[in-house]
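**Student:** Protein sequences appear in the order of chains R and P. Residue numbers for the first sequence follow my numbering, beginning at 1 and rising by one. Residue numbers for the second sequence follow my numbering, beginning at 1 and rising by one.
If you are wondering where the hints come from, they were derived from the structure by calculation, not from laboratory data. Don't take each hint at face value.
Chain copies aren't distinguished; within one or between two, either way the pair holds.
Stated by the list, open to error - Restricting the straight-line Cα-Cα distance to at most 30 angstroms, the calculated cross-link-like pairs of lysine-lysine (DSSO-like) are:
no., residue 1, residue 2
1, Lys346, Lys71
2, Lys346, Lys173
3, Lys74, Lys36
4, Lys376, Lys74
5, Lys376, Lys36
6, Lys134, Lys306
7, Lys346, Lys74
8, Lys141, Lys346
9, Lys134, Lys36
10, Lys376, Lys141
11, Lys173, Lys306
12, Lys346, Lys134
13, Lys141, Lys173
14, Lys109, Lys74
There are 2 protein chains.
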Amino acid sequence: MGKASTVSPFSPQSLPDVPAIGGVRFATAEAGIRYKGRTDLLLVILDPGTTAAGVLTRSKTRAAPVEWCAKRLKTGSARALVVNSGNANAFTGARGREAVRITAEAAAKAAGCSEDEVFIASTGVIGEPMEAGKFAHLLDKLAHDAASDAWAAAARAIMTTDTFPKLATRRAKIGSADVVLNGFCKGAGMIQPDMATMLCFVFTDAAIAPAALQGLIARSVDRTFNCLTVDGDTSTSDTLLAFATGTAEGCPRIADAADPRLAAFAGALHDLLRELAILVAKDGEGLTKFVTIEVEGAENDRAARKIGLAIGNSPLVKTAIAGEDPNWGRIVMAVGKAGEAADRDKLAIWLGDILVAENGERAQSYEEDVAAHYMKGAEIRLRVDVGIGNGRATVWTCDLTHGYIDINAAYRS
Amino acid sequence: MGKASTVSPFSPQSLPDVPAIGGVRFATAEAGIRYKGRTDLLLVILDPGTTAAGVLTRSKTRAAPVEWCAKRLKTGSARALVVNSGNANAFTGARGREAVRITAEAAAKAAGCSEDEVFIASTGVIGEPMEAGKFAHLLDKLAHDAASDAWAAAARAIMTTDTFPKLATRRAKIGSADVVLNGFCKGAGMIQPDMATMLCFVFTDAAIAPAALQGLIARSVDRTFNCLTVDGDTSTSDTLLAFATGTAEGCPRIADAADPRLAAFAGALHDLLRELAILVAKDGEGLTKFVTIEVEGAENDRAARKIGLAIGNSPLVKTAIAGEDPNWGRIVMAVGKAGEAADRDKLAIWLGDILVAENGERAQSYEEDVAAHYMKGAEIRLRVDVGIGNGRATVWTCDLTHGYIDINAAYRS
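Excised from the complex, chain R in its bound form:
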């Protein structure tokens, strides 16, 4: 992991104003796990009664904390969340599992709960032995200091090669109750989530049973974080966790994801996850352009996403965008390699609103200098109709630049 020298051009001007959520408190510390002079440890304290749901990486080499969370999600009761950056505690064998156990034990003591109510996530270098001793002793003091307004500090403590913290908020009604949803996430490289991005945490004061919360996030993740790619690489540690404290005044406890009273909440949650996923693409390592890929006319939505990811992962498409070259032939290539049904002779391609190709060849109206001018923009939209059916998907990514090479070809130390 090299140093990101500059801040992404898509970094928001300011962080959103995030309201407190009853039953959620934070504290952060500089534990010196890998980085110096910045926070790298986050403890979240959750009130009794908080439910939890989550989606985790499908990597075959998933990290020890991911396996820990998978077991805890079976009961879905949460009182504490510990997150560290700088070391992913992945591929660390028995010592890695022991580090997780020590962390859970210390967090349970600090929060006054059972170890089974502690969730843990780690992000950073893979394969480096994790020394829980570096931070487990800090958790007591963090629990004591935890405050309900430390959202920005929390979002900062989990960053690795991120150049800006990623934080979002929404409001919704459940019945007559006003509920809040806040979330933050991290991720810039090793990003093609296969259930969720590197790390994402969502909190709400709604009262929702674990199974219902699980149903809601699984549905949204498929059309948000799973439609995101920076480099096609999937982390060993992808973790999205959602926590519902149930502290919103008058909020009925909802047991079923299909309950019609959840409609507005489900919409707000989807919106929140979409915003966070886009923020990750906007902090893609070394990016100069943010790219939205809209695929339509595919056999089904799954096929559309696969085609969108094939375009979004193509080094040749991504370098053409970096070079501001409307080299749309490379989009044809990427559609072809995706392996999903596509009708070459009905394929249509737009750069922004400019039709560049239709009916299997360059459009009559196409003017290269108009397309070249469009490519100079910072936000690029590619639209592809593959001419088969009604499947559609939107995928978010970024260009592939010298900056990506600089960041990732730098020696770790």
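Using the hints, position chain P against chain R.
**Tutor:** Leaving out everything else, chain P in the frame of chain R:
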């Protein structure tokens, strides 16, 4: 397609001495299809009785010449091959098909054969209308000038971003007959063949029926060109064609790929294709390191190849190699994302002969400075045992560098 500024450090010192093959003659020309001041058109004249076999891209957006070849391979009789560089004649609609027809007509007239005995391959920019008129009129003179010793010129005429021509030769016995196999190919970017690389042509004076020749190449391509990646992008034009003239003195005509008399020939063919595939990896756009990935212990050979390609396509593995960083955690990540069975707690990884990880964690004997020294070499070998079964595969690739970005982010014009 930008300009490759320097020659690959792995360019062979000299081209091999390639013997003539009875019944095969070449001529090349500067047709000015896209490039100036270099040859971009190749005509191969084949004697009557030549058989043909081939493997073509599985892209869903394959080019017009690929569709033409697919139809001609059904009969498997060949008298002429026309190859141009500079324009792939891909995604060019009805005009593209018409350009192929005009080319076939002109080549048939020049070679004195049926259009059905003409094979055509095009490589270069996608989506640009192809003007067959630029070169069809040259074919008559090329047929007249064709000579049996122009192998190097032929290999040069089909280059695009290649920095060196790729040519190889083998000899074998069929019964008591001595036969020769020569081949050449091109490719540097858009390389993850899905049946064959961009363009590869093999010629032999052996007498082999089309179905037998097809059986032999299909078997070898799976373990040679299909184990090759530069950037994970699959061309619209991948074409491998093999031609057998049957002119070797005393060579019996073989009808069946399983005929035991073909054993030595099959071995030589496999060797030839392997050498040509490795030459493509050694000319990967912008490379500074040639990388061999050996996967063992997979569920089966197919799974091993998929894991090898996941490692070979990972931008994070490829940039770490460019940075001479023994960041083997990224290999763990790539194994995990491949989606094939792998036992995280039995996984072992070597850099060259240096054991870096075993039993799911860093090896006790591992010393980072020894591994870092190994990474400074020009040829890097990664070995992975995924701890499941007996499947194995070898994949060839290269690193991902600023040079790749320079070449592919350059505007086409």
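**Student:** Compare the structure with each hint and give your call.
**Tutor:** Checked hints:
{"no.": "1", "hint": "Lys346 / Lys71", "result": "between (48 angstroms within a copy, 22 angstroms between copies)"}
{"no.": "2", "hint": "Lys346 / Lys173", "result": "neither (45 angstroms within a copy, 50 angstroms between copies)"}
{"no.": "3", "hint": "Lys74 / Lys36", "result": "neither (36 angstroms within a copy, 66 angstroms between copies)"}
{"no.": "4", "hint": "Lys376 / Lys74", "result": "neither (49 angstroms within a copy, 47 angstroms between copies)"}
{"no.": "5", "hint": "Lys376 / Lys36", "result": "between (38 angstroms within a copy, 29 angstroms between copies)"}
{"no.": "6", "hint": "Lys134 / Lys306", "result": "neither (42 angstroms within a copy, 39 angstroms between copies)"}
{"no.": "7", "hint": "Lys346 / Lys74", "result": "between (47 angstroms within a copy, 27 angstroms between copies)"}
{"no.": "8", "hint": "Lys141 / Lys346", "result": "neither (64 angstroms within a copy, 39 angstroms between copies)"}
{"no.": "9", "hint": "Lys134 / Lys36", "result": "within (13 angstroms within a copy, 64 angstroms between copies)"}
{"no.": "10", "hint": "Lys376 / Lys141", "result": "neither (51 angstroms within a copy, 46 angstroms between copies)"}
{"no.": "11", "hint": "Lys173 / Lys306", "result": "neither (35 angstroms within a copy, 47 angstroms between copies)"}
{"no.": "12", "hint": "Lys346 / Lys134", "result": "between (59 angstroms within a copy, 28 angstroms between copies)"}
{"no.": "13", "hint": "Lys141 / Lys173", "result": "neither (36 angstroms within a copy, 80 angstroms between copies)"}
{"no.": "14", "hint": "Lys109 / Lys74", "result": "within (22 angstroms within a copy, 74 angstroms between copies)"}
The structure fails to meet hints 2, 3, 4, 6, 8, 10, 11 and 13 from the earlier list, while all remaining hints are met.
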